[in-house]
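K.L.:
Listed below are the residues making up each chain.
2 protein chains.
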Amino acid sequence: MSTNILIDKILEKKNPTVAGLDPLCDYLPQSMIAGDSPAEKADAIFRFNKDLIDALYDIVPAVKPQLAYYEILGHEGYKAFCKTVDYAKSKGLYVIADGKRNDIGSTASAYSKGFFGIIDSDALTVNAYLGFDGVEPFLVDGKAIYILVKTSNKGSGELQDLVLENGKKVYEHMGDLVSAWGEKSIGSHGYSDVGAVVGATYPAMLTELRERLPHTFFLVPGYGAQGGGAKDVVGAFKNGIGAVINSSRGIMCAYKAQGLPAEKFAEAARIEAIRMRDEIMSEI
Amino acid sequence: MSTNILIDKILEKKNPTVAGLDPLCDYLPQSMIAGDSPAEKADAIFRFNKDLIDALYDIVPAVKPQLAYYEILGHEGYKAFCKTVDYAKSKGLYVIADGKRNDIGSTASAYSKGFFGIIDSDALTVNAYLGFDGVEPFLVDGKAIYILVKTSNKGSGELQDLVLENGKKVYEHMGDLVSAWGEKSIGSHGYSDVGAVVGATYPAMLTELRERLPHTFFLVPGYGAQGGGAKDVVGAFKNGIGAVINSSRGIMCAYKAQGLPAEKFAEAARIEAIRMRDEIMSEI
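Protein sequence lines correspond, in order, to chains A and B.
Quick note on numbering: the numbering used here labels position 148 of the first sequence as 153, and the sequence is numbered without any gaps.
Quick note on numbering: the numbering used here labels position 137 of the second sequence as 142, and the sequence is numbered without any gaps.
Worth double-checking, as some hints may not be accurate.
For lysine-lysine, the following DSS-like pairs were computed, each having C-alpha atoms within a straight-line distance of at most 27 Å [said to hold, decoys possible]:
hint : chain 1 : residue 1 : chain 2 : residue 2
1    : A       : Lys159    : B       : Lys118
2    : B       : Lys174    : A       : Lys173
3    : B       : Lys189    : B       : Lys243
Label-pair distances were calculated between CB atoms; the ranges are [stated by the list, open to error]:
hint : chain 1 : residue 1 : chain 2 : residue 2 : range
4    : B       : Lys18     : A       : Asn171    : 46 to 52 Å
5    : A       : Asp181    : B       : Lys173    : 29 to 35 Å
6    : B       : Glu188    : A       : Asp31     : 31 to 37 Å
7    : B       : Lys55     : A       : Gly172    : 53 to 59 Å
8    : B       : Lys236    : A       : Lys159    : 42 to 48 Å
9    : B       : Gly40     : A       : Glu216    : 51 to 57 Å
10   : B       : Gln35     : A       : Asp181    : 41 to 47 Å
11   : A       : Asn244    : B       : Gln35     : 52 to 58 Å
12   : B       : Asp146    : A       : Pro34     : 29 to 35 Å
13   : A       : Gly172    : B       : Pro34     : 53 to 59 Å
14   : B       : Arg217    : A       : Glu17     : 53 to 59 Å
15   : A       : Leu265    : B       : Lys18     : 56 to 62 Å
16   : A       : Asn244    : B       : Asp146    : 50 to 56 Å
17   : A       : Lys243    : B       : Asn244    : 57 to 63 Å
Honestly, the hints are just simulated from the structure, not real lab data.
Here the structure is a predicted model, which is why all the values come from computation and not from measurement.
Ideal Cβ placement from N, Cα and C applies to all residues, glycine included.
Whole structure, please, built from the sequences with the hints as guidance.
P.N.:
In structure tokens:
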């Protein structure tokens, strides 16, 4: 009942947000980066993450490192990802690995053993274009997944909004599959361990999907740098729960909006995380 | 014109197959694995790959390491993946990184810089559920991608075979998008750098898609261990080109089918790769 644990943390901290850890080297104070090698850059992004986690762990319930920003540095970056997961967990944070992994069953099983084994993340984002046999290996007791339903990007409608002959849109059909796949893992808060990714940039669809999928917990990207605000994510909640809202660049790069030097990234991130929490809590 | 280079290698070696490098530790001679740590296991799978590459590089044009089988060992596994790509390239092999990566544009750009930068693979598999803005960052001069169209697994129809209101199936629509996205990168052999993954396990659809997408090169999984045979992949070709057929377990674990001890994996793999080549070449 992994989602239940996340909801407990959200209720305890009175904060339904997740801090995205997508540490492009450009975002860091350049003084943190000792040199140009992948090892030096990877070391810097881990220390950047560690400082962010130290500044945020008592106010946010969860972090979401995005694999791409680690794989961009090859295996040294991947090591920084693994260290980030470990450090976040040591501070009591719930960790969502954002990898959007997907494959046929035997291969999905290898991914599952990676992200829910040697890397002990609590949840993983998954792309279900392959159907249920590519999803089933990720249904692991005590772990959760978030399946892409309606993504936050501008072009998401190109496939996801197409209408099927039965009148459903592709993303609605995907949502219904996600709901069915989660039926066996609904916890005491009423939400299953098979969640959905639904973008804050499509608030009307977010509201519709909340009604349509009452037991599906939502991971909502698109707040902040991508344009979504607190009013856009209200529809993801019912009775104050139902979703966790991600902000990555908005928190990591808060120093820019606050007119501070990059060295102040951690304090600025804390200020922004508190502002975001209060803004969202005042709406839901 | 990355696909053109792959086709040149295929024509030169008279072999349209790619050897999948999905090295589960269970497949290895246990004597190769010095101990239980991820580093020891990762070292063993790299040496296993190296021996396979040494046994195959003069007869197969390409290899396809599948990321999941490296990520299962965390960052040590990822390092073995990177070393495998480097070693395969040093032997003149074309390398398809099978990661099925996907994300919004800014994040897809980070993946692209990873797999087509610090990791210098020639091609990457991509899942296009997010639409074109998630695909565009992978369109890099001199590199190719393979987008999931109709996958080889049993449940692939759950989403991919659904019929849209315009009468097209989802996988046909995806195929048409792939074809359009490749229009600007068609090389002298007539195929673009935006390829499609189409499973050998659905031979009729493979044949239909070949007709429908005349300029789209196919990466065809599902031969061998997944059940497809040479007759099933014939439809992927036109005038002797048009596809590269993958075999992973069939080649890596050929020693089992040949009744040999695991220590003979490399010789057995070579025998199977030659048999597979001859079988496919006799059909197309």
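K.L.:
Now tell me, hint by hint, if it's right for this structure.
P.N.:
To see whether the hints hold, each was checked on the structure:
1. With a CA separation close to 22 Å, the supplied pair Lys159/A and Lys118/B stays within the 27 Å bound.
2. Restraint check for Lys174/B and Lys173/A: satisfied, since their Cα atoms lie roughly 14 Å apart, inside the 27 Å limit.
3. For the suggested pair Lys189/B and Lys243/B, the alpha carbons sit about 21 Å apart, so the restraint of at most 27 Å is met.
4. Checking the proposed 46 to 52 Å range against Lys18/B and Asn171/A shows it holds: the Cβ atoms sit about 47 Å from each other.
5. For Asp181/A and Lys173/B, the Cβ-Cβ distance of about 21 Å falls outside the hinted range of 29 to 35 Å, so the restraint is violated.
6. At about 33 Å, the beta-carbon gap between Glu188/B and Asp31/A stays in the expected band of 31 to 37 Å.
7. Remark: the range hint 53 to 59 Å for Lys55/B to Gly172/A is upheld by a beta-carbon distance near 54 Å.
8. For the hinted restraint 42 to 48 Å between Lys236/B and Lys159/A, the CB-CB distance of approximately 44 Å keeps it satisfied.
9. A C-beta distance of roughly 54 Å is found between Gly40/B and Glu216/A, which places it inside the suggested range of 51 to 57 Å.
10. Our hint of 41 to 47 Å for Gln35/B and Asp181/A holds, since their Cβ atoms are close to 46 Å apart.
11. Checking the proposed 52 to 58 Å range against Asn244/A and Gln35/B shows it holds: the Cβ atoms sit about 55 Å from each other.
12. Between Asp146/B and Pro34/A the Cβ separation comes to about 33 Å, which falls inside the hinted range of 29 to 35 Å.
13. As the Cβ distance of Gly172/A to Pro34/B is approximately 56 Å, the hint placing it in 53 to 59 Å holds.
14. At about 54 Å, the CB distance of Arg217/B to Glu17/A agrees with the hint of 53 to 59 Å.
15. The beta-carbon spacing between Leu265/A and Lys18/B, approximately 58 Å, falls within the hinted interval of 56 to 62 Å.
16. For the pair Asn244/A and Asp146/B, the beta carbons lie near 52 Å from each other, so the given range of 50 to 56 Å is met.
17. Separated by about 59 Å at the C-beta atoms, Lys243/A and Asn244/B satisfy the suggested range of 57 to 63 Å.
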